[in-house]
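We have chain A already, so just place chain B on it with the hints.
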Amino acid sequence: MMELICAKCGIPLEKQKTAFQYLGYEIYEDLPRCPKCGQVYLDEKLVRGRMHEAEVEVEDK
Amino acid sequence: MAELLHRTRSLCPICLKPLEAELRQRESGEVLLEKTCPAHGSFSVPVWRGRIDFAAWTAGAQRLGPGEGLHCPDGCGICAEHGRGTCCALLEVTRRCNLFCRFCFARGGEAEEEPSLEHLKASVDDILRQCGTPLLQLSGGEPSLRDDLPELVAYARERGCPAVQLNTNGLRLAGDPDYVHRLAEAGLTIVFLQFDGVTDEVYRTLRGRDLMDVKLRAIESCGRERIGVTLVPTVVRGVNDKMLGEIIRLGASLSPAVRGVHFQPVSYFGRYPNAPKDDMRYTLDELIDDICRQTGLPIDCFRPSCCDHPLCGFHVSALAEPCCCNAAPAPAEPCCGIVPLPPAPPAPRKGQSAAEENRNYVIRHWRRSPSSEEAPTSPSAKDGQDLDAFLRLVRTRSFTLTAMAFQDAWNLDIERLHSCSLHVYSEGKVKPFCANYLTSAQEESEAPVLPQ
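If you read the sequences in order, they're chains A and B.
Using numbering that gives the first Met the number 0, the first residue of the first sequence is number 0, and each one after it goes up by one.
Using numbering that gives the first Met the number 0, the first residue of the second sequence is number 0, and each one after it goes up by one.
With the rest of the complex left out, here is chain A (with noise of 0.2 Å):
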């Protein structure tokens, strides 16, 4: 994966585990974070694709 900088804090991401909360629900994923500020990247691929699937399952229809 090519480097991620922070554009708040100008460093490298890393990847933290990051927890999510949604509609009561609470998930962790891997995703690169500024080690500074917090700032979580979060890619088309996966808003778009497992994340919209897990908030598919938990809204109604």
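Since the hints were made in silico from the structure, they are not lab data.
Just so you know, even glycine gets a beta-carbon here, dropped at the ideal spot from N, CA and C.
Don't take each hint at face value.
[As the list claims (entries may be wrong)] So, partial list: chain A residues that the calculated Cβ filter (under 8 Å) puts toward chain B:
1. 25
2. 28
3. 49
Just chain B, lined up with the frame of chain A:
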């Protein structure tokens, strides 16, 4: 004097002549459908008991425009005026049946010439031509009496049906595992299993014989072949309306083989034991309220259908896992075995897209996931876990509560019919379910009467 809520159209239950009709609400909250036939007099039938706010529940209803619905259901085949596409297309594959039920919309068991496999394949082609790619429900009679059913299932899947559903009493599935295997190999996706209760007494009353063991063996057989099972109770007051919670609990305990419960409050068309009296009517709001009382589920997890008319059905999306019973008052049993998912705001939709979304929803929830995508044994979905594990878990434990309230000659509301997405294919025509099976009060019903 009951307050006039709304004008609509209906039929005379005796001569089936189209009539103007009114929905009127009493102070108690009860809503009546009222109509007068010049030849046969006035009729008033309860369609809502007032246990849930009627105006709030029906807010998303699609109203008939001026001049719309004037010809419904005479000469019905879906026309350009119809408000919905086809979510599910029902195809009768036989009139034969191995039961003689007190209630049967299709009057199964009546002798009639059996359609050939080639004729049925041509019907599938015509359904796909007329309806897009609906969920195909094979019905009857008892469709599993046909030995060639796996061939028809395979044909429908090859031709592009995204899922095939079998409407069955489960007798053959329970006793013929090889047949179930052949159906699974052919691509059968969902079994809609007649499942009225958790005791033999209920089956003796409604179906004429003990069937509890048969139902459990049918579920086991489908589970082995990874065909999703939806339990389908016909709910009759005084017979099984006190057993709704137990049906849900049993279904949830059999997840992931059982994917949900689809309640059908009894209606009076086809074969039924007695003409309906007002106190025998079992309305959708009574059903919801009774489920809540018997399970502890909160009433706000029930949503009207986003596709069909709000008076025609509801849905609850849930996961089969303990425990939801934090509601007050405490339910009679310790747990109903399901946790409702947070409901999204109501979003009624119209036309073809509504039917497609509804179809995708029911297929996604009622089928089994491939074994590689199911969670073996895992913690509650509420416990933190990675995204893949979470997806596997919610797919595996998905459990829906749904309902469909069919209409008969007494309570038929053309406005509801106009929004129907459950269509029956018959002799080249595609008709709303309740228009297709409509029978007048004059037609003789040969069913044995219900025991008191």
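Against the structure, the hints:
Annotation: residue 25(A) was flagged as interfacial toward chain B, and the flag holds, the nearest CB pair being 4 Å apart, inside 8 Å. The interface hint given for residue 28(A) is met, as the beta carbon of that residue sits about 5 Å from the closest beta carbon of chain B, less than 8 Å. Against a cut-off of 8 Å between C-beta atoms, the interface hint on residue 49(A) holds, since the closest Cβ of chain B lies about 5 Å away.
Hint compliance for this structure: every hint is met.
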